[in-house]
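Novice: Residue numbers (the working numbering), protein chains in the order written: chain D, 1 to 234; chain Z, 1 to 116.
If you're looking for bench data, these hints aren't it; they were derived computationally from the structure. Treat the hints with care, since some could be wrong.
Distance condition first, Cα-Cα at most 25 angstroms in a straight line; then the derived SDA-like pairs of lysine to any residue [as the list claims (entries may be wrong)]:
id: 1; chain 1: D; residue 1: K68; chain 2: Z; residue 2: T43
id: 2; chain 1: D; residue 1: K23; chain 2: D; residue 2: Q79
id: 3; chain 1: D; residue 1: K23; chain 2: Z; residue 2: N82
id: 4; chain 1: D; residue 1: K23; chain 2: Z; residue 2: G44
id: 5; chain 1: Z; residue 1: K48; chain 2: D; residue 2: T198
id: 6; chain 1: D; residue 1: K23; chain 2: Z; residue 2: T76
id: 7; chain 1: D; residue 1: K23; chain 2: Z; residue 2: I13
id: 8; chain 1: D; residue 1: K23; chain 2: Z; residue 2: S56
id: 9; chain 1: Z; residue 1: K48; chain 2: D; residue 2: V11
id: 10; chain 1: Z; residue 1: K48; chain 2: D; residue 2: S66
id: 11; chain 1: Z; residue 1: K48; chain 2: D; residue 2: S114
id: 12; chain 1: D; residue 1: K23; chain 2: Z; residue 2: D64
id: 13; chain 1: Z; residue 1: K48; chain 2: D; residue 2: T85
id: 14; chain 1: D; residue 1: K68; chain 2: Z; residue 2: D57
id: 15; chain 1: D; residue 1: K23; chain 2: Z; residue 2: T46
id: 16; chain 1: D; residue 1: K23; chain 2: Z; residue 2: S15
id: 17; chain 1: Z; residue 1: K48; chain 2: D; residue 2: P22
id: 18; chain 1: Z; residue 1: K48; chain 2: D; residue 2: E14
id: 19; chain 1: D; residue 1: K68; chain 2: D; residue 2: S135
id: 20; chain 1: D; residue 1: K68; chain 2: Z; residue 2: I13
id: 21; chain 1: D; residue 1: K68; chain 2: D; residue 2: P22
id: 22; chain 1: D; residue 1: K127; chain 2: D; residue 2: P22
id: 23; chain 1: D; residue 1: K23; chain 2: Z; residue 2: G14
id: 24; chain 1: D; residue 1: K68; chain 2: Z; residue 2: S39
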Amino acid sequence: MRLNFTPTEEVATEVDLGTSCPKLSGQVSVTSYTGLTSITCVGNDVTNFIISSVNDDNLQYINFASNKLTGSVDQYMPQNIITATFQSNTLDVPLANLSSYTLLENLNIGSNYSMGGGIPVLPASLKLFDAQFCSLTGNIPSLSSNINLQSVNVTSNDLTEFSGGTISSTVTSFLAENNNLVQGAVDGILAAVNTAGTNNGELNLGGTNSAPTSGSLNTDYIALSSRGWAVSIA
Amino acid sequence: MSVPLNLADNLKIGSTQVTAAYLGSAQVWPSTNHLWYFSEPATGTTIKGFEITSPSDSTVSWGDGLSDVFSAPTDTADHTYNGEIRDLYYQPSPNDTFVYMQPGVTCGLYKRPGSP
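Kindly produce the complete structure, drawing on both the sequences and the hints.
Specialist: Structural data, given as structure tokens:
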């Protein structure tokens, strides 16, 4: 015997749960809201956000900044997500392969201090990637396929290498200071950004990273500076 | 012997109303279309900037006996809990969209089936 249950029809398209004070915790579930395109829940102490396949088509904007979500970020992202903001949570599982999120343009997971792990290959659709203060290790992956990328912020992690390849001319901000990038990685990023030929961007490879070959006489560093880039090196 | 079959929105054991039905550990009735589940808020807890965008008007029942009407297409409200929390039993009007917040239980939003 099966008890069939027909969910009620949902009509709301956007919901902002507001900000509570003192902060309310608990869990948010949108598994019945098939028409929902946007949900915002900022500055609460929510510990779980539940989605399902019913949200894959329409839910494209999620902002859960400053809550207490745990686990992996992809468990909170429906298939057609465009903008995902999960900064300042307590995500504690490394980034999974994100290549299936073919519409993803903005991913902000900064200040999830216990995330760890490496940076996977990022979707080609991505424009903004912010993963500062996430305890990331390993390589900055090749960004050659990220032809729409505009801004990268991986400041204050424990990244050591750059996998090489080109960086799109759409990139105007690349922030990776206070990692442990070796000289070859710093050289590679400087060269890739310089080769892209863009003017007037921001490139920060300073702090705890290695200095580039030849320091402030590095030819890529000089070339970028002459084209209006604000470049910081160790 | 035939067994009386009740509608899924009116489950009973004999004449006793059933308040929830589970399939395994999953609650299948009432609808688990909860939006926000949180523990009973402390007196003075405030939610600021609760906003709904919907093609039809909505009613927010905050779970403490108070409610606000949210006008279509977009409306915003704040709410402060006064410490007199009590269970919420609400009967939605046929054509309304509801957000409900039941401290300790649910906060949800839905439209009744069959309504425009």
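Novice: Against the structure shown, which of the earlier numbered hints fail to hold, in ascending order?
Specialist: 2, 5, 7, 8, 11, 14, 16, 20, 22 and 23
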